[in-house]
Amino acid sequence: MKGKVKIGLVCLLRKTFDYESAWKEFKSKEAELKKIENVDWVIIDEPVIEVEEAKKAADKLSSELVDGVIITSGTFHLGHLALIIEEKLKKPVHLWGLPEAPYDGGKIRYNSACGVHLNKSNLFKAGVKFVHHVVAPLPDVNWIDALRMVKAMEIAKIALVGSRAQGFFNLAFDELTSFKSTGAMLEYYQIADMYNQEVSDEEAKKYLDEIKGFFNCDDVNDEQVKKVAKLCVSIKKFVDSNHIDALAVRCWPEYAQSYGIAPCAAMSIIAKEKYLLACEGDAMLALSMLACKALDIETPYSADFSQVDFEEDTALLWHCGVAPCNLTNKKCTPTLDTYFAGGKGVTTGFVLKEGDFNIVRIDSALGKTRIFAEKGKAVYMDKLLKGTYAKGKFDKGVKAVYDTLLDNGFAHHVVMVYGDYIEKFKLLCKIKGWEWIEA
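Numbering (UniProt numbering), first residue to last: 1 to 439.
To be clear, the hints were calculated from the coordinates, so they are not data collected in a lab.
All C-beta atoms, glycine included, are put in the ideal place defined by N, C-alpha and C.
Hints are not guaranteed to be accurate.
Unchecked claim - Here are the in silico distance ranges between beta carbons for each label pair: (1) Phe130 / Gly79: 36 to 46 Å; (2) Pro253 / Gly419: 17 to 27 Å; (3) Glu175 / Trp436: 22 to 32 Å; (4) Asn326 / Ile108: 50 to 60 Å; (5) Asp104 / Glu175: 10 to 20 Å; (6) Asp201 / Ala400: 49 to 59 Å.
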């Protein structure tokens with residue numbers, strides 16, 4: 001389910017135009033709008049024509065604590081109205097113009113497109129950084145989805161278990177800058193907090209049976225499999241009891257030393273249940289995954305941009321073995337492996353499914369928050385190495401994508417998600433006033 005969001009909806013009119021027809025058309029859209037998933041609508045039930053009506057509408061929307069507002073130009077209207085509403089709310093604004101009514105031999109009936117133009121110009125010159133606009137039968141659902149991401153981050157609790165991985169300075173998280181930019185709060189926990197939850201044999205057995213039924217476990221011993229199963233339950237209890245929205249963990253080197261195995265395999269298994277778990281203490285990656293979850297995107301995967309082949313024009317989106325196990329291509333045999341940490345690095349191993357994908361990362365550098373995103377397609381490859389991975393071909397070519405990541409100093413982890421959400425991320429970037437970067 002997509003993240004919940006509360007949106008105000010108001011219609012501006014002027015009686016010198018065919019305002020009665022425009023109002024009737026506006027009201028006819030409500031049923032369609034209410035079908036949009038997980039939106040609480042606060043609809044102003046009377047047309048807003050005069051200044052006092054705009055003030056009253058703004059007070060109503062403000063008292064309802066809306067997350068954003070759609071200001072509809074039913075017809076052309078006074079320029080005061082949108083300014084009054086935005087000034088009161090200080091929330092993201094979407095200007096929506098009704099398509100022009102058919103000509104009837106008289107003057108233009110709505111002139112709503114000009115109303116949108118008036119509002120956008122006024123708001124721009126009043127210093128409102130970004131206002132989205134469409135003239136269309138319905139508002140832009142991409143803006144609604146971008147607003148879901150804004151809301152999800154504003155109320156988020158991100159857990160950092162341990163710290164960032166040793167030497168990964170580029171994963172450092174500037175807590176207060178990020179809080180100011182997104183609203184997300186970072187909380188710190190010890191590594192033992194994650195694996196020391198009380199787990200009964202019965203609780204662990206559910207995952208023990210699942211692991212043995214899904215993975216080839218020839219490379220691991222029974223005790224390691226039991227530890228993976230127990231850790232699946234412990235991580236879930238830790239996340240749920242602490243009301244954590246997304247988690248980043250220092251998964252090496254201390255984890256395997258203290259618990260007996262690395263957490264990778266357990267993270268892969270419970271990630272399919274939509275737990276957001278980022279590797280190597282990468283809190284900004286966890287935040288990026290959280291934004292994806294607000295769109296109900298299928299189980300985000302944290303990956304390295306690895307094994308770049310410029311001749312073949314591909315890159316391997318690889319990590320040690322933590323991809324959500326529901327993303328397997330179902331053609332290879334998934335395995336549990338122990339290829340690092342002195343035999344304690346229990347990970348999953350499989351090739352990810354083929355299909356269109358985006359890579360995305362919310363990142364910060366030099367006091368700025370940025371988003372990087374690109375489109376690609378995962379193509380078939382054999383299971384040739386340890387870890388979890390997809391071979392990706394990019395719309396703009398692997399060299400352009402790789403160079404853009406490096407030239408702009410982005411950290412070396414990206415979130416891979418299946419589908420295409422680029423326009424939604426662009427709108428998120430604009431709403432927040434962040435920098436958009438692509439090849």
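Evaluated hints:
1. Phe130 / Gly79: 36 to 46 Å: violated (19 Å)
2. Pro253 / Gly419: 17 to 27 Å: violated (35 Å)
3. Glu175 / Trp436: 22 to 32 Å: With Cβ atoms ~24 Å apart, the hint holds.
4. Asn326 / Ile108: 50 to 60 Å: With a Cβ separation near 54 Å, Asn326 and Ile108 satisfy 50 to 60 Å, so the hint holds.
5. Asp104 / Glu175: 10 to 20 Å: At 60 Å between Cβs, range violated.
6. Asp201 / Ala400: 49 to 59 Å: holds (53 Å)
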